[in-house]
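S.K.: So the chains spell out like this:
There are 2 protein chains.
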Amino acid sequence: MQKQLLAVGLALVLGGGYTISAFAQAKPDALVRQRQAVMTLHAKYFGQLGLMNAGKLPYNAEVVARNAGFLDALSQMPWDGFTADTKGEKSRALPEIYGNPSGFKAAQDSYRAAVVKLVAASKGGGEAAVKAAITEVNSNGCGSCHKNFRSQ
Amino acid sequence: MQKQLLAVGLALVLGGGYTISAFAQAKPDALVRQRQAVMTLHAKYFGQLGLMNAGKLPYNAEVVARNAGFLDALSQMPWDGFTADTKGEKSRALPEIYGNPSGFKAAQDSYRAAVVKLVAASKGGGEAAVKAAITEVNSNGCGSCHKNFRSQ
Numbered sequence: 316m317q318k319q320l321l322a323v324g325l326a327l328v329l330g331g332g333y334t335i336s337a338f339a340q341a342k343p344d345a346l347v348r349q350r351q352a353v354m355t356l357h358a359k360y361f362g363q364l365g366l367m368n369a370g371k372l373p374y375n376a377e378v379v380a381r382n383a384g385f386l387d388a389l390s391q392m393p394w395d396g397f398t399a400d401t402k403g404e405k406s407r408a409l410p411e412i413y414g415n416p417s418g419f420k421a422a423q424d425s426y427r428a429a430v431v432k433l434v435a436a437s438k439g440g441g442e443a444a445v446k447a448a449i450t451e452v453n454s455n456g457c458g459s460c461h462k463n464f465r466s467q
Numbered sequence: 316m317q318k319q320l321l322a323v324g325l326a327l328v329l330g331g332g333y334t335i336s337a338f339a340q341a342k343p344d345a346l347v348r349q350r351q352a353v354m355t356l357h358a359k360y361f362g363q364l365g366l367m368n369a370g371k372l373p374y375n376a377e378v379v380a381r382n383a384g385f386l387d388a389l390s391q392m393p394w395d396g397f398t399a400d401t402k403g404e405k406s407r408a409l410p411e412i413y414g415n416p417s418g419f420k421a422a423q424d425s426y427r428a429a430v431v432k433l434v435a436a437s438k439g440g441g442e443a444a445v446k447a448a449i450t451e452v453n454s455n456g457c458g459s460c461h462k463n464f465r466s467q
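Chains B and Y, in that order, are what the protein sequence lines are.
Our numbering puts the first residue of the first sequence at 316, with every later residue one more than the last.
Our numbering puts the first residue of the second sequence at 316, with every later residue one more than the last.
It should be emphasised that the hints constitute simulated quantities derived from the structure, not laboratory data.
Take the hints with a grain of salt, since some may be wrong.
Taking lysine to aspartate or glutamate and the DMTMM-like style, the derived pairs with C-alpha atoms no more than 25 Å apart in a straight line are [claimed, not checked]:
#1 B/432 to Y/387
#2 B/371 to Y/395
#3 Y/432 to Y/451
#4 Y/432 to B/387
#5 Y/405 to B/344
#6 Y/405 to Y/344
#7 B/402 to B/344
#8 B/420 to Y/377
#9 B/371 to B/451
#10 Y/446 to Y/424
#11 Y/432 to Y/387
#12 B/438 to Y/395
#13 B/371 to Y/344
#14 B/432 to B/395
#15 Y/438 to B/395
#16 Y/371 to B/344
#17 B/462 to B/395
#18 B/342 to Y/377
Covered by chain B, according to a simulated footprint, are these stretches of chain Y (three or more residues, beta-carbon under 8 Å) [what the hints assert, rightly or not]:
#19 342-356
#20 383-392
Keep in mind it's a predicted model, so treat the numbers as computed, not measured.
For glycine and all other residues, C-beta sits at the position ideal for the given N, C-alpha and C.
Chain B with its partners taken away, still in its complex shape (with noise of 0.2 Å):
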């Protein structure tokens, strides 16, 4: 942590002003273990509503709305990891991402527009209307932005 601190204040004396992306300029690496951690989280909680979708998994309630909520966190998060100084570490980020950055940019609105229809239908909004978000979440949100943005 000490580490992507002192990184995080060296970009900010080096670029002067600040802005919200600005405060996420730490160095490569630990951008990619920070989105990566992202989606660790995501396979954790969205797992569990794919689950339950599949019908392996009982359906709770309780559970789809304290993941929905983590999940209108996560959602969020990633999408200032993926830099161009991140181009050459290690990881499933496809060229495409930067090749095509209005493409991955719309890959992002449509995930999170999905989130937020499945943390509204979470709120009371009953088995069938949950699962029908969590498989547009699925397909409209993780499923599209994998299969252009991420190596299979």
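Place chain Y on chain B using the hints.
M.R.: Frame of chain B, contents of chain Y only:
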């Protein structure tokens, strides 16, 4: 992700029934990876607040509110990953976690309470109140738990 999902499914088939915590019964190495992912993201988002508190980053109420919201979610995530079967995994977790479960739970609750205060302060509480809350998260939250339950 596929591997984790299979592990979850298997645990449920073997165990029968379910609870919220049962959903988290991934394999020990996955549990450690997940809880470490949470800490990586604490470093990202609480790190920025720590720098603001120390005057090393300009105070920015918008970033404070965003990060406090993220910490609200993150502060609830790691605890179900400290299961007894993770003792043998490589990590900085100390044996006191398992030898003193009530103390570990009290440290979690103390940290969580400090984050809840930070979230409240971040909603228009003003810079002085926010900085006091950041200090409390650091000392009564991160600090006390890391001192007693994590190797330095």
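S.K.: For the pair supplied as a hint, residue 371 of chain B and residue 451 of chain B, is the alpha-carbon distance within the 25 Å limit?
M.R.: holds, 18 Å
S.K.: Quick one, are residue 405 of chain Y and residue 344 of chain Y close enough, alpha carbons at most 25 Å?
M.R.: holds, 9 Å
S.K.: Using a Cβ cutoff of 8 Å, are there at least 3 residues of the segment 383-392 of chain Y near chain B, or does the coverage claim fail?
M.R.: holds (count 7)
S.K.: Assess, step by step, whether the Cα of residue 446 of chain Y is no farther than 25 Å from the Cα of residue 424 of chain Y, and give holds or violated.
M.R.: holds, 20 Å
S.K.: Does the structure keep residue 405 of chain Y and residue 344 of chain B at a Cα separation of 25 Å or less?
M.R.: OK: residue 405 of chain Y and residue 344 of chain B at ~21 Å, within 25 Å.
S.K.: Quickly compare the C-alpha distance for residue 371 of chain B and residue 395 of chain Y to 25 Å and report which way the hint goes.
M.R.: With Cα atoms ~21 Å apart, residue 371 of chain B and residue 395 of chain Y stay inside 25 Å; holds.
S.K.: Is it true that the CA of residue 432 of chain Y sits at most 25 Å from the CA of residue 387 of chain B?
M.R.: holds, 20 Å
S.K.: Regarding the pair residue 371 of chain Y and residue 344 of chain B, is the alpha-carbon distance no greater than 25 Å?
M.R.: holds, 22 Å
S.K.: For the pair we were handed, residue 432 of chain B and residue 387 of chain Y, check the Cα-Cα distance against 25 Å.
M.R.: The hint holds at about 20 Å.
S.K.: Measure nothing beyond the straight line between the CA atoms of residue 342 of chain B and residue 377 of chain Y; if it is 25 Å or shorter, mark the hint as holding.
M.R.: holds, 23 Å
S.K.: Does the structure keep residue 438 of chain Y and residue 395 of chain B at a Cα separation of 25 Å or less?
M.R.: Satisfied, since the Cα-Cα distance of roughly 24 Å is no more than 25 Å.
S.K.: Would you check the hint for residue 420 of chain B and residue 377 of chain Y, treating anything up to 25 Å between C-alpha atoms as holding?
M.R.: holds, 22 Å
Every hint from the earlier list agrees with this structure, and none is contradicted.
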